[in-house]
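2 protein chains.
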Amino acid sequence: MPLDPSRTIAELQELRELTGDENGAQRVAWTDTWKRAREWLRGKLDELPLEHEIDEAGNQWWTLGGASDHAVLIGGHIDSVPNGGWLDGALNVVAGVEVMRRIAEEGEPATTVRLVEWADEEGARFGRSLFGSSAAAGSMADQDELRRRKDAEGTSLPDALEEHGVDLDRALDAKSQREGAAAYLELHIEQGPVLESMDIPLGVVLGTYGVERSQITWTGQAAHAGSTPMDKRRDALAGAAKLALEIREIAKRTGQGAVCTSGNVVCKPGIVTSVVETAEQLLDQRHLDAGKLAEMLAEAREAAERFAKEEDVEVSWERIWAIEPILFDDALIELADEAVTEVAGQSHRLPSGPLHDAAEVSRAGVPTVMLFVQSLRGLSHTKLEDTKPEHLELSVQALDRLATKTIERVSTQV
Amino acid sequence: MPLDPSRTIAELQELRELTGDENGAQRVAWTDTWKRAREWLRGKLDELPLEHEIDEAGNQWWTLGGASDHAVLIGGHIDSVPNGGWLDGALNVVAGVEVMRRIAEEGEPATTVRLVEWADEEGARFGRSLFGSSAAAGSMADQDELRRRKDAEGTSLPDALEEHGVDLDRALDAKSQREGAAAYLELHIEQGPVLESMDIPLGVVLGTYGVERSQITWTGQAAHAGSTPMDKRRDALAGAAKLALEIREIAKRTGQGAVCTSGNVVCKPGIVTSVVETAEQLLDQRHLDAGKLAEMLAEAREAAERFAKEEDVEVSWERIWAIEPILFDDALIELADEAVTEVAGQSHRLPSGPLHDAAEVSRAGVPTVMLFVQSLRGLSHTKLEDTKPEHLELSVQALDRLATKTIERVSTQV
Chain L
75 MPLDPSRTIA
85 ELQELRELTG
95 DENGAQRVAW
105 TDTWKRAREW
115 LRGKLDELPL
125 EHEIDEAGNQ
135 WWTLGGASDH
145 AVLIGGHIDS
155 VPNGGWLDGA
165 LNVVAGVEVM
175 RRIAEEGEPA
185 TTVRLVEWAD
195 EEGARFGRSL
205 FGSSAAAGSM
215 ADQDELRRRK
225 DAEGTSLPDA
235 LEEHGVDLDR
245 ALDAKSQREG
255 AAAYLELHIE
265 QGPVLESMDI
275 PLGVVLGTYG
285 VERSQITWTG
295 QAAHAGSTPM
305 DKRRDALAGA
315 AKLALEIREI
325 AKRTGQGAVC
335 TSGNVVCKPG
345 IVTSVVETAE
355 QLLDQRHLDA
365 GKLAEMLAEA
375 REAAERFAKE
385 EDVEVSWERI
395 WAIEPILFDD
405 ALIELADEAV
415 TEVAGQSHRL
425 PSGPLHDAAE
435 VSRAGVPTVM
445 LFVQSLRGLS
455 HTKLEDTKPE
465 HLELSVQALD
475 RLATKTIERV
485 STQV
Chain V
75 MPLDPSRTIA
85 ELQELRELTG
95 DENGAQRVAW
105 TDTWKRAREW
115 LRGKLDELPL
125 EHEIDEAGNQ
135 WWTLGGASDH
145 AVLIGGHIDS
155 VPNGGWLDGA
165 LNVVAGVEVM
175 RRIAEEGEPA
185 TTVRLVEWAD
195 EEGARFGRSL
205 FGSSAAAGSM
215 ADQDELRRRK
225 DAEGTSLPDA
235 LEEHGVDLDR
245 ALDAKSQREG
255 AAAYLELHIE
265 QGPVLESMDI
275 PLGVVLGTYG
285 VERSQITWTG
295 QAAHAGSTPM
305 DKRRDALAGA
315 AKLALEIREI
325 AKRTGQGAVC
335 TSGNVVCKPG
345 IVTSVVETAE
355 QLLDQRHLDA
365 GKLAEMLAEA
375 REAAERFAKE
385 EDVEVSWERI
395 WAIEPILFDD
405 ALIELADEAV
415 TEVAGQSHRL
425 PSGPLHDAAE
435 VSRAGVPTVM
445 LFVQSLRGLS
455 HTKLEDTKPE
465 HLELSVQALD
475 RLATKTIERV
485 STQV
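Order-wise, the sequence lines are chains L and V.
When you read off a place in the first sequence, starting at 1, and then add 74, the result is the number in the working numbering.
When you read off a place in the second sequence, starting at 1, and then add 74, the result is the number in the working numbering.
Next comes chain L alone, as it looks inside the complex (with noise of 0.2 angstroms):
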């Protein structure tokens, strides 16, 4: 069968009215919905000669035999959050099934080709992302705190887990998955405003950004609003709104890609006849660097610091969560950019804000790139969520593109 991109679009169609409602798609992992999500999907690839297996940590795998046992994966998820859209994951496993379609067709390809579907992408129902592809990267390090999580009805991981097939004990097993993998290609939806705002359909993602989160708590004094004066006021809320400013200018200065959010300033005693004694504000930076983010980081505590003086209040900083940035590998970004070029007559090379299954799989060292196609007005995680039908069509050409260039890349360098 020739590559018919708008197949893909009716068949993504076809799994919106089996798993979603009027609220969305509600292929949450680990439900029946989802179940029946996967057996749909495989009832897509049965005419192929595909071996169809699902490994110890849930993860769904077809396997098209190759001259070469080196294989190029390509990836996607089929879980959604509850109230989703019809594309965030599921666009990469169907266009992974029209891709395989079409190589298939051609016979035995050079290297041997997988499409995986990743279990758990979302972490909806038990708040652990990434569930599937951190098995099989073995980078999946808390497990014994796993075999606590409950969902919101009290239902243990590893009871939901077993109810699927799977051992959590044996999950890390799934990493024999990796054998021969020489590459892994990954499509998505950008779930954000870039490319819609530079009118570009399709775009090459460098990786995906690290990340430094900080609860910053400045303590000053409460006062009242009517008898003290300005100049004998400790106001710890002039210390966040400085910040909260001097963030944005710390981004302009680190340049492209960089990004710092303020997401919420709590004030205390907060009341309309108090100066605020504590503001505890959070701080979101992201950087595709490591140094650059680190510098970010430094910058915006070292501006704390200096508003701190200058207000005549204290300022303590607490780390929540960090992660380092994950660079795509840059053989496959040429490749990509290439095959996006091609097909939609330009490219571009932007970060990915959200992680995706492909940064587990990219720390894990397989290369690996992403596609995204254009989101409109940056929606995602909502019924809303939506691509133009060409712009879903030409992502399924630059995958198709992609992979051919990959198995030849694949097949020549081995």
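No wet-lab data here; the hints were simulated from the structure.
Some clues are possibly wrong.
Repeated chains share a single entry, so a pair holds when one copy, or any two copies, can fit it.
Unchecked claim - Derived lysine-lysine pairs resembling DSSO-like cross-links, with alpha carbons at most 27 angstroms apart: (1) LYS342 to LYS457; (2) LYS457 to LYS109; (3) LYS383 to LYS109; (4) LYS366 to LYS249.
Using the hints provided, position chain V relative to the given structure of chain L.
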């Protein structure tokens, strides 16, 4: 009896023993403890040739007839907030007792002199402050609403009043007490840091601030902290942060005595991974000059419009509450300045941030002035509230001198 300011301190300590506990003063209006405090006060004046009465609003009056019916009033309140301080309100009535002793000792004064202990200045139990003074001033306009007011236990305000012999329907008849009133004098602790910071024991109050209270709602767009570039954001917090800093510049430009406070900012969704969509900000602005207050509000609104434009967010304003400035009497301010300077060697004129019974009396057209005595660390409404004993003694002396000067002025003027 000659004036004995040390007796005022001893009596305030006695009152504290009688009506306080380890958490502070408990003289909440319309309670048994408050009643006990008022009976104690009455006992202190029983030996003097004064006429005692309780008016229709529950205010307690002592009258020393003079050569003229024109009356000089000295006032304060003996009620406190729960867990309150020993001086807020009580200082003036107890100092007033000492001044009445001194005047009565000297025979018939040139004018009638009256001491008033206002009922329920704090509004601690029913949330309605300045109860007795606003009734006597004729400015109590919320009687219908007060009839439905209940305390935390569900007791209605009219029922609580009735237990203390007060009929809410007749409270406004207390305005007859204003007959002949030619001057009103009130001593109070500053409840702020100004006098302490200047190392000055006593000050003269110019009036009570006009207040403008606003709630400002900034509306931007929630967006993912990772996938939204800095120049694509519509950050509601940025508007609030800019305004929180700008109001300080507005107060500075307006000059001495202007205060602007942003006491709270509430961010939504308020999570670390999202740009702030809405920020609800509180603003309190105060000035002694109605024109300047209006100007400060206008400047804040203009600045907010500018910031909304800069940040591509929306901003809307709601007035929560407002009150006009109430200016005290120029001639009495001069007399008070003289009295303070004679007693303490120096004086300082300052506005009052908090409202006081004096504001109600002044609104009703009775020439009014207040004296402030230094508060330690500006603390009030807490058991930590305190003032140096030597400053308390000076304050009794200053009130006494001011009474003498005022009686003389009233008697020669009329």
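Here's how the hints hold up against the structure:
| no. | hint | result |
| --- | --- | --- |
| 1 | LYS342 to LYS457 | between (37 angstroms within a copy, 21 angstroms between copies) |
| 2 | LYS457 to LYS109 | within (20 angstroms within a copy, 65 angstroms between copies) |
| 3 | LYS383 to LYS109 | neither (58 angstroms within a copy, 49 angstroms between copies) |
| 4 | LYS366 to LYS249 | neither (32 angstroms within a copy, 72 angstroms between copies) |
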